Amino acid sequence: MDRTGSRIRARRLDAKIAQRDLAQSVGISASYLNLIEHDRRRIGGKLLTQLAAALGLDPALLAEGADAGLVGRMRAAASAADAETVEAAQTADLAARYPGWARLIAAQADQIAALQQRAQMLEDRITHDPALATALHGVISAVTSIQSTAAILTGDAKVDADWQARFHRNIFDDATRLAQTSAALIAYFDAPANAAPVSLSPLEEMEQALSQTGFYRPAQERGGTATADDPQLSAGAAGLLADYDARYHADAVALPLATFLPAAKAASYDPLRVSAQMGRPLAQVMRRLAALPAQDDAPPLGLLICDAAGVVRLLKSVPGAGLSRAGLCPLWPIFTALGQPGRAVAAQAVLPGTPDVRLTCHAIADVIPHPDGPHMPPLIEATMLLRSDDGPAAAAAVPVGAGCRLCPRTNCPARREPASVSLAITL
Amino acid sequence: MARRVLLIEDEPNIIEAISFILSRDGFTVHTHEDGETAMDKVRAQRPDMIILDVMLPGKSGFDILRDLRAEPATATLPVLMLTARGQAKDRELATRLGADVFMTKPFSNAEICAQVRALIGEDSPRGDVARDATA
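Chains E and S, in that order, are what the protein sequence lines are. In terms of our numbering, the numbers along the first sequence are unbroken and rise by one, the last being 427. In terms of our numbering, the numbers along the second sequence are unbroken and rise by one, the last being 1135.
The following block holds chain S by itself, in its conformation from the complex (with noise of 0.2 Å):
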């Protein structure tokens, strides 16, 4: 069964283009846009991973990450953190709120299909993963 992956982003050809190289790459992509309604999407989908914006309406990625991390069932659920904002401020929040890799935007297709599948592919078992993408 192919492994899914919740992608949460608010730009609607972000959203094309991750999904559109995902789903080539044999994952099954669902996506969400809003921040506020996002963990009712997470608890719904059950993903295997979740790729996070981190601006996003309603709610931010960071509180989302947040709430993720605080809930059992979640907590461990690999998440990799997306961001306009390249700021060590911010990489060094997403580390402590328990994002597994954070990478700015703009980022290369490769770069984030290769942080996908060291996530959740079959070859490359969890855990295996660079912390910091564009350190």
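Looking at chain E on its own, in the form it has when it is part of the complex (with noise of 0.2 Å):
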């Protein structure tokens, strides 16, 4: 149905103009603007005009409404806040009435998201940092040593002398490796004040724009192809985004979402199950399964992409993976599969640490001919899926890192360079 008379009447009241001046200053009668501002005639053309130029409006505003990406930013707003007060049927008359309150909510929405994400790859990296959660579990140590010692020795019940002793003793050596660490902590996290912004590739843009719907994609789902326009992203983002989303579209197709998540439930999540099960191939089912919408049930599912010289070209997180694009550990399974194209890898991979992080892996290669002609040396791309694996450590599980210079296995035959410790502290 169009709205364009109720948006007409919704700014007419807005600026507190009578309905017959508005419809006198446009030159029809006051019963005729009634007609258009219930939606009962049609308007358009040069009435329209003068009826946006009355009200000091751009006439698209008036006949299309909001934008529509706008309006899906700040949905998604709403839905991320999790507050049943906001009125989201509300949603598009709002972008439409107030567009300056609606960009800014839409911008500040991309922003917590921004920094969400930020946050989430700094906690990543701090939990992957083995110096780093030395120290703060020698922080934890201390603390709670010195208040179950300084408690037993403020108690009311006697402690003879040569346990006082001991325990001042203790008090004192925590306190000053207490002092030690806390220094070294605050040097490692005192960053320049005037450190530059973190500047994204235009994958890490797109990447961060699709993390707001966990790489979901309504449109895309719903049968749309085209890809709408977000203003925050940069041109060779919104490229990227354009060909992610035209790949997913093929996918949903191939897949569609109504038969896909009943089967992926019934499979626990297993991509090989939901492969075999469904007669598609492996890469494809991973991918859907990485995009799957929010579902009650569904671990948190990470996805890897890369190119045969080992390039990443998509990368999902899922948390306490610590991956990142640059420096990947080679013995991530990806890299295995890479080796071996057409050939599915499954892995238990563990990532070091006390406890350690372990990850079921799925992962393959497919080759891709090149367009050129098979004269032409193929493309091949390589997916893999990661999920959290909170079981026992398989008997075959790979020991991976987050990178040498993060990574604490000194004897690992797949070192490119020595571990950076960034804390050096004596424990």
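No lab work stands behind these hints, which were simulated from the structure alone. Since this is a predicted model, take the numbers as computed values, not measurements. Beta carbons are placed, not taken as given, at the ideal position from N, Cα and C, and that holds for glycine. It is possible that some hints are incorrect.
Below are the EDC-like pairs computed for lysine to aspartate or glutamate, each with C-alpha atoms no more than 16 Å apart in a straight line [claimed, not checked]:
no.: 1; chain 1: S; residue 1: Lys1059; chain 2: S; residue 2: Asp1025
no.: 2; chain 1: S; residue 1: Lys1059; chain 2: S; residue 2: Glu1009
no.: 3; chain 1: S; residue 1: Lys1041; chain 2: S; residue 2: Asp1067
no.: 4; chain 1: S; residue 1: Lys1089; chain 2: E; residue 2: Asp356
no.: 5; chain 1: S; residue 1: Lys1059; chain 2: S; residue 2: Asp1034
no.: 6; chain 1: S; residue 1: Lys1059; chain 2: E; residue 2: Asp390
no.: 7; chain 1: S; residue 1: Lys1089; chain 2: E; residue 2: Asp389
no.: 8; chain 1: S; residue 1: Lys1059; chain 2: E; residue 2: Asp356
no.: 9; chain 1: S; residue 1: Lys1041; chain 2: S; residue 2: Asp1090
no.: 10; chain 1: S; residue 1: Lys1041; chain 2: S; residue 2: Asp1010
no.: 11; chain 1: S; residue 1: Lys1089; chain 2: E; residue 2: Asp390
no.: 12; chain 1: S; residue 1: Lys1041; chain 2: S; residue 2: Glu1092
no.: 13; chain 1: E; residue 1: Lys46; chain 2: E; residue 2: Asp58
no.: 14; chain 1: E; residue 1: Lys265; chain 2: E; residue 2: Asp230
no.: 15; chain 1: S; residue 1: Lys1059; chain 2: S; residue 2: Glu1033
no.: 16; chain 1: E; residue 1: Lys158; chain 2: S; residue 2: Asp1025
no.: 17; chain 1: S; residue 1: Lys1041; chain 2: S; residue 2: Asp1025
Computed beta-carbon distance windows for the label pairs [claimed, not checked]:
no.: 18; chain 1: S; residue 1: Thr1037; chain 2: E; residue 2: Thr410; range: 20 to 28 Å
no.: 19; chain 1: E; residue 1: Asp173; chain 2: S; residue 2: Arg1024; range: 37 to 45 Å
no.: 20; chain 1: S; residue 1: Ala1114; chain 2: E; residue 2: Phe189; range: 56 to 64 Å
no.: 21; chain 1: E; residue 1: Ala263; chain 2: S; residue 2: Thr1037; range: 42 to 50 Å
Each chain sits in its own coordinate frame; assemble them with the hints.
This is the structure in structure tokens:
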């Protein structure tokens, strides 16, 4: 239904202009304007231009309402806020009536999502910096020891002199250790005040945009092929997003959500089982699994796609995995798959830590003929799906790392460079 | 006979403090600092309960708990899990693996004594225990 008339009425009331006065200013009767405002008469052309001018608005805004992309971002902001008090049904009206405020809401939501992603990246990095993890563990241990020991000394029960001396010495040792560790931690986190803002590559920009919906693309699920304009994206990122959406659309057509989701659930989100059951390529099934809408029982699933040179083309991280596109550990199963195209690899990967982090990985490399013909080298693309694994350590688990500079595995045969121990503390 | 508590923890001063307060409460406390050989110690010691740290050298407390629950002789042995990591994920994992109580560091002495008494003390039979002391 065309809501142009409703928008005219809303803006007229906002501007506190009487219906009679507005009608008079554009040379029509008040009763005719009343019919227009209740969407009982279609409006366009010169009259729409005149009414927009009288209301001080862009005619396109009155005719088309708010930009669909903007409304979508506002709805995403409302759902992310998880607030039942947000009048989500009126989002389009709000965007049409107050476009400036609407852009501000959408921009702030984008900014929050970007900051959350940045925080997640930093959290992953912190989680996998062994020196930092050791230092933080040392702080908590020292505080625990001091608190417990001090409680013994200040309690009502009498403590004999030998134990008192021993506990005093323990508190002194712990306090000294705490002071040293605290000083080192402050130096570690003391970033320069004038540090340059982080600039993202077009790929990272695109992944940041996708992460707002967990890589799920509702418009493409509904059959849309076009990518909505996002003014926040650079031209390079917008191009990459359009490519992503085109492939997403093709995947959604091949594996419609209505049949794919129940099959994925029934197979406990195991890509090999879903692939066998639905008769579709494993890489396509893994891409679909990594872009499912949020489900109560679905585990977080990460995705890594790389080319024959091992360069990451798409990265959706999973909590705890500590993946970054630079300096990936060559022992990840995706690189095993790259060496044997067409053959699926399933392995448990283990990241160092106490306790260690275990991930179930499925990977496969596909050979894509070069578009110029078989005399040209084929293009190879490898895809890996990751999920957290709380089960026991597998006998054939693959020890991987978050990159050589952060990895504490000193005897790793795949090490490219020494580890950078950024927090030199003896605990 | 005094009830025996096996404390598996690698921080010497925490070991000393916990050992002191539990001994004062009438428990016999044995200690062990290494994750890799913890199960050997459990089999040899046959304690009435275990206080188990998560971050241990050699093997994590989660893996030790998994081993405990897999062995018939220790499948129902009361375990109080102690960790510096209070994340919900760790809490859920500890509960799923069969920890009776999950406590985060720093803890209060009174709380840890109360939990040990509740698990194996004379006054509170096992089973009448809150599963998460820090929730």
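Hint by hint, here is what the structure shows:
For a cut-off of 16 Å, the pair hint linking S/Lys1059 to S/Asp1025 is broken: about 30 Å separates their Cα positions. At roughly 12 Å between alpha-carbon atoms, S/Lys1059 and S/Glu1009 fall within 16 Å of each other, so this suggested pair holds. For a cut-off of 16 Å, the pair hint linking S/Lys1041 to S/Asp1067 stands: about 13 Å separates their Cα positions. Simply put, S/Lys1089 and E/Asp356 have alpha-carbon atoms about 13 Å apart, close enough for the 16 Å limit, and the pair holds.
At roughly 8 Å between alpha-carbon atoms, S/Lys1059 and S/Asp1034 fall within 16 Å of each other, so this suggested pair holds. Taking the CA atoms of S/Lys1059 and E/Asp390, the gap is near 15 Å; set against the 16 Å cutoff, the hint holds. With a CA separation close to 12 Å, the supplied pair S/Lys1089 and E/Asp389 stays within the 16 Å bound. A threshold of 16 Å between alpha carbons decides the hint, and for S/Lys1059 with E/Asp356 the separation of about 9 Å falls inside it, so the pair holds.
The straight-line distance between the Cα atoms of S/Lys1041 and S/Asp1090 is roughly 25 Å, outside the 16 Å bound, and the hint therefore fails. Distance check on the hinted pair: S/Lys1041 and S/Asp1010 sit about 14 Å apart at the alpha-carbon level, within 16 Å; holds. As the CA atoms of S/Lys1089 and E/Asp390 are separated by approximately 10 Å, the hinted pair is consistent with the 16 Å bound. Between S/Lys1041 and S/Glu1092 the alpha-carbon distance is near 26 Å, which puts this suggested pair outside the 16 Å criterion.
Only pairs whose Cα atoms come within 16 Å are accepted, and E/Lys46 paired with E/Asp58 is accepted, the gap being roughly 13 Å. Taken as a hint, the E/Lys265 and E/Asp230 pair is broken in the structure, with Cα atoms around 33 Å apart against an allowance of 16 Å. About 11 Å separates the Cα atoms of S/Lys1059 and S/Glu1033, which keeps this hinted pair within 16 Å; it holds. With a C-alpha separation of about 13 Å, the suggested pairing of E/Lys158 with S/Asp1025 holds against the 16 Å cut-off.
Between S/Lys1041 and S/Asp1025 the alpha-carbon distance is near 23 Å, which puts this suggested pair outside the 16 Å criterion. Evaluation of the 20 to 28 Å hint for S/Thr1037 and E/Thr410 yields a pass: the beta carbon distance comes to about 23 Å. Range check, E/Asp173 to S/Arg1024: about 22 Å between beta-carbon atoms, so the 37 to 45 Å window is missed. Between S/Ala1114 and E/Phe189 the Cβ separation comes to about 37 Å, which falls outside the hinted range of 56 to 64 Å.
Checked against the hint of 42 to 50 Å, the C-beta distance between E/Ala263 and S/Thr1037 comes to roughly 46 Å, which is consistent with it.
Checked against the numbered hints listed earlier, the structure breaks hints 1, 9, 12, 14, 17, 19 and 20; every other hint is satisfied.
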